[in-house]
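Based on the provided sequences and hints, a complete structural model is requested.
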Amino acid sequence: MARQFILDSGKDIELIYSELQKVIQTARKFYNEIDITRFDEEQFARMMFLDGCFILQFISCVTHNYENLEMSDRQVAGVKRDLLLLENQVPFPVLQSLMRLRYEKNEADHGMKLLNDFLFYQILNPRDQPLCTRRLLWSGLWIVSLLLIFFSLAFFFESAFFLVILTSTVIGLSLPDRILRLILTGKKRKPSASGYDWHCQPAQQPAHVLELLHSLFICSHKSKVKSSPRRYGRCLSYVVTCYKKIIPAKPETAVSRGSRGHYLYYSAKNLKKVGIHFMPSQTSGLMDVKFNSSFLEGALELPSLTIDVSTKPMLLNLVAYETSAALDQLSVTSYICFMDSLIDDADDVKELRSKGIIVNYHGSDQQVADLFNNMGSSLEPDTSVYSDVKREINKHCKSTSKKWVAEWQQTYFHSPWAFIAFAAAAVGLALTATQAYYTMHPPQK
1 MARQFILDSG KDIELIYSEL QKVIQTARKF YNEIDITRFD EEQFARMMFL DGCFILQFIS
61 CVTHNYENLE MSDRQVAGVK RDLLLLENQV PFPVLQSLMR LRYEKNEADH GMKLLNDFLF
121 YQILNPRDQP LCTRRLLWSG LWIVSLLLIF FSLAFFFESA FFLVILTSTV IGLSLPDRIL
181 RLILTGKKRK PSASGYDWHC QPAQQPAHVL ELLHSLFICS HKSKVKSSPR RYGRCLSYVV
241 TCYKKIIPAK PETAVSRGSR GHYLYYSAKN LKKVGIHFMP SQTSGLMDVK FNSSFLEGAL
301 ELPSLTIDVS TKPMLLNLVA YETSAALDQL SVTSYICFMD SLIDDADDVK ELRSKGIIVN
361 YHGSDQQVAD LFNNMGSSLE PDTSVYSDVK REINKHCKST SKKWVAEWQQ TYFHSPWAFI
421 AFAAAAVGLA LTATQAYYTM HPPQK
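So in the working numbering, spot 202 of the sequence shown is number 202, and the numbers just go up one at a time.
Zero decoy hints are in this set.
Subject to a maximum C-alpha distance of 25 Å in a straight line, what follows is the list of computed DSS-like cross-link-like pairs (lysine-lysine):
(1) 312 - 269
(2) 350 - 312
(3) 398 - 273
It should be emphasised that the hints constitute simulated quantities derived from the structure, not laboratory data.
Put into structure tokens, the structure is as follows:
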């Protein structure tokens, strides 16, 4: 494969090798001095040359010319896994030197784009999630059907007062939580971002491919997230802000803030019981985690993650990189611990999978739960990551009124049949009230 890389470059092998030797001394500094002394400069240069050519040719074939890759799918998966091992990383100056010779000057960024395409589409493998329109469709059908029934009854009784009562009843009872959230928050769901942007690149040249993957994985793509505010959302936000200024909330002690912010005490299925719904984030960045709480319910946005046999090795190697590099924020480590707190068993995975948060190619839901539980049990999260989200979730879960609203929604809106039964009872109550009214105030003949 290294030979094919040389042939595709159209340059003489001696020229490529001589250019690579210019960065060999820089590349040696990336390794432990004790370990590197067993290789002389020529042996080290030859090893870097073969490894670098193989990596770039493999990435090129996997990304754009898969038919030229003479490997089985199992072998390709094995090479991908080995490329992400921390101990197998090739210094980035080596890859950069080879890319400069492989691509012309007018294609200076093509090599970096090739690496980014490989990491984003072949390793992270994001998938756009469909918009949640089924509930909106059902809600619309319920409203139309009930309005037709009520208008028919009103026409039968020939009473404008009866029409007003029943129309008000159906409008008040049939607005589902999804429509209500759209009106109150003023947020419109958009498809998730399907690509990366150059804002996600590290400020400095990465040390190796694994560091570049880490930068892509945690990037929140904030430049691509656009909100579409509505008048009602802005008005409600203004009212809530004024209310908080007039009647400030009871201040929390430092102990309560720390305990609520550092840990999450509720699994996914328990959060659902208190009215917190899950939604896929606009992007696949691990930092794109948001929680929005209204007086009726809450919405937790999480990045979508594809789970397969390569997920665990990838995450653990990123954790190893964060530990060895002594980063200021342990983003991947904290993400694993956050998911571990959300997932206790298969039911939690099922809930996240149904919302597009988890795309499961690994096996059963219980296997995915075991994967996160096993990884999270041996890791310690960075308490500064997701602390605000955890604090707001714990605060929402302690609200008695929001628990009541969630129980009411789950009792009467968890299925079309429950809603129909509830609507029928409301109609019966309205008919009884109307009959009582006409009994006490008979129409004048």
